[in-house]
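Trainee: Chains as they are written, first to last, in the working numbering: chain A, 113 to 278; chain B, 113 to 278; chain C, 113 to 278; chain D, 113 to 278.
Think of the hints as simulated: they come from the structure by calculation, not from any bench. Because the structure is a prediction, the values reported are computed rather than measured. One should not assume that every hint holds.
Heads up, the list lumps identical chains together, so a pair's fine if it works in one copy or across two of them.
Computed cross-link-like contacts, SDA-like style, restricted to lysine to any residue with a CA-CA straight-line distance of at most 25 Å [claimed, not checked]:
{"id": "1", "residue 1": "K214", "residue 2": "R268"}
{"id": "2", "residue 1": "K214", "residue 2": "D260"}
{"id": "3", "residue 1": "K214", "residue 2": "M163"}
{"id": "4", "residue 1": "K214", "residue 2": "N267"}
{"id": "5", "residue 1": "K214", "residue 2": "G135"}
{"id": "6", "residue 1": "K214", "residue 2": "S134"}
{"id": "7", "residue 1": "K214", "residue 2": "A248"}
{"id": "8", "residue 1": "K214", "residue 2": "F139"}
{"id": "9", "residue 1": "K214", "residue 2": "D131"}
{"id": "10", "residue 1": "K214", "residue 2": "V245"}
{"id": "11", "residue 1": "K214", "residue 2": "A174"}
{"id": "12", "residue 1": "K214", "residue 2": "L137"}
Number of protein chains: 4
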Amino acid sequence: MAQPLAILVAGGTFDKQYDELSGRLFFRDTHVGEMLRLGRSRLDITIETVMMVDSLDMDDEARARIVERCRARSERAIVITHGTDTMVETAQAIAQAGFDGKTIVLTGAMVPYAFGSSDGLFNLGSALSFAQVLPAGVYVAMNGQHFDWDEVRKNRERGVFEWRPA
Amino acid sequence: MAQPLAILVAGGTFDKQYDELSGRLFFRDTHVGEMLRLGRSRLDITIETVMMVDSLDMDDEARARIVERCRARSERAIVITHGTDTMVETAQAIAQAGFDGKTIVLTGAMVPYAFGSSDGLFNLGSALSFAQVLPAGVYVAMNGQHFDWDEVRKNRERGVFEWRPA
Amino acid sequence: MAQPLAILVAGGTFDKQYDELSGRLFFRDTHVGEMLRLGRSRLDITIETVMMVDSLDMDDEARARIVERCRARSERAIVITHGTDTMVETAQAIAQAGFDGKTIVLTGAMVPYAFGSSDGLFNLGSALSFAQVLPAGVYVAMNGQHFDWDEVRKNRERGVFEWRPA
Amino acid sequence: MAQPLAILVAGGTFDKQYDELSGRLFFRDTHVGEMLRLGRSRLDITIETVMMVDSLDMDDEARARIVERCRARSERAIVITHGTDTMVETAQAIAQAGFDGKTIVLTGAMVPYAFGSSDGLFNLGSALSFAQVLPAGVYVAMNGQHFDWDEVRKNRERGVFEWRPA
C-alpha cells in the first residue's frame, strides 16, 4: 500500500561532519539512513548517494548527473538532499530537463545533522511528506514550506527560503 | 501566500520531561515552539495548548474538548500533538463529530523530544507538511506515513502505526 | 605510567533509559563505556557491572555486594556509579567496612545520560580525576566537588550535594 | 569551605560554533557557563574570557596575556580552556614565567561543545577536579589524564595527548 520513494543524496550541509584531527568540516557517509531510523520511518525508501559535495562546488556536470539519476529511478516520488546555496539552481535544471511525471522534492539543512541543533530531521520529515502527496512537479521544501521550483529563492542574508518576486 | 495553521497541543510523549528531583517523567510546557524554531519554520502557525495529558489519561471529556477546539479554530489546517496510545481514538472522535471541511493531522512521538533520540522533530515536520496539502479530512501522521482516521491502528508490540485490516 | 582504575557500575539515574513501548524508564546496559569513548578517555579502566538498580532499591544486601567488589578489585583507584538518593549510605557502608587503602569515589547523575541534558559526563570526568589524585579514602564526587564520606548529604529539595552540619 | 576557582577562556575547539549563514566555524560567546550549569556545578567559579582564538592563531603576544592573567588572578586554582594544538606551548610559557604557587590546569576539546558528540564536558569536569587537588604546578588535563607541563605532547595523527619521550 505504501508507494516506494527514493532519496538521492547530493551532500550539502545536511551531511557535513567535524573532523577532529583537522578541525574542519568534511563529508564521509550520508546520515540519511540514521535519520530515517531516528524518525522511525516505515516508508519504502531506497537511498542512493549520487555525490557528496558542497553546494558551492555543485557545477553543471554534477547537476547533469542528478538530472540523469532522477530520470533513471523508477520511483514516482523522489527527495533530493542538497546544499542550500544552489538548491534552487538544481531544481531548475531538473524541471527544465523535463521531470517525467515524477514528484521531486529538494531539501537540505542550515546546520549539519551531526550537530546538536540541526533543522535536518524536521526538513527530511517535511520533504518526504510533500513528496508523497504533491502532484508531479519539482519543488523545494525548506522552513516547513514547499515552493514550486520557479517561484523560490534563498535569502542568503537571512538564511531562509522565500517566494521570489515575479 | 502562506496559509495559516494551528497546532493544538494535547500532551503525550512528545512533551514529557525528566524531573530530576523525583526521577519521574512529567509535563511542564510544550516543546512545540522550540521545535519550530529548531526546524527554522517560517509557517504562519498559532500554538494552542489544549491540555497536557498522558495518552492513557485521555478520556471522553478531554477528547470532547479537543473536538471543540478543532471546530472553534479558524485555520483550515490543524496539527494535533497527542500521545500515541490513544491517538487513533481521538482521530475517530474528531472525524465522527464532523470535521467541518478542515485538514486535521494528529501526530506524536515514541520518545520525548527532550531526550536525545526523539522522533518528534521528524514527525512534526511530516505532520505540518501533510496538513498543508492533504484534502480535508482527519489523518494520523506517524513513521513518515499518513493514514486516514479509519484505516489505522497502533501496533503496541512493535511501537509503530500500520494499516488496519478491513 | 598510567595507574589502572576500576569503574563499578551500580545503576542509578546515570544508566536509565526510556522504553518507547511502555513509556517508562528502565535499565538495560550501562552507558559508561560509551561515555568513556565520548570523553576520549585514555585511562586504563576496567568496567564491572555489579548491579543495575534504582537508588531507592539499594538495600543492605546489594550494598554488601558493592563492599565485597571494592575489596576484591586489585586496582587502587575505584569509581562507583550509583543512584544519588542513597549514594551517601553506600559510601558509609564501604568506609565502615574498611576500604583497604584504596581511593574510592562514588558519583552519579541527576539526569540520565541517554537524555540530552545530563550531568553524567561532567561527573564521570570529575570522579575519575579525583580517584587518581586523592589520598586513600571514600568520597562522593558530585556538582564538581568532592566530599569525604562522612561529611556529605544529599539535599533532596534542591537536588544537590552539600556539607553536612557536624 | 569551597575554594574559589577561576576559568580563563582562551577559545579553541571547545567554543567553536557553526555559522549557518556562511557554513563556517566561528567563535561567539564561550559555552563554559552553560557547561557548568549542565554539570550542576556548585563550585565557586569566576569565568574570565581572555580571548577567543583558534589554537593555531595563538602567538607569543596572546600567550603573554594568558600568563599575565594567571598572575593577576587571586584564585589559587585556575583552569584554562584552550585549543589543543598549542596547549602544550602555552602550558610551557606559563610554567617558565613562574606560576606563582598556583595550580593551573589547561584543558580543551577535540570536538566543539556545541556539537552533539563533544568531549568538552568530560574534560571540563576532569580539569576542574584536578585543579582542586593537585599540588601547585602547571598541568594539561586531556583524555581523563593529567600531565605535568614538561612531560606531555599532542599526538596530532591520533588526536590524543601522551607522555613525551624524555
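Trainee: Which constraints among the numbered hints does this structure fail? Numbers only, ascending.
Mentor: 1, 4, 5, 6, 8, 9 and 12
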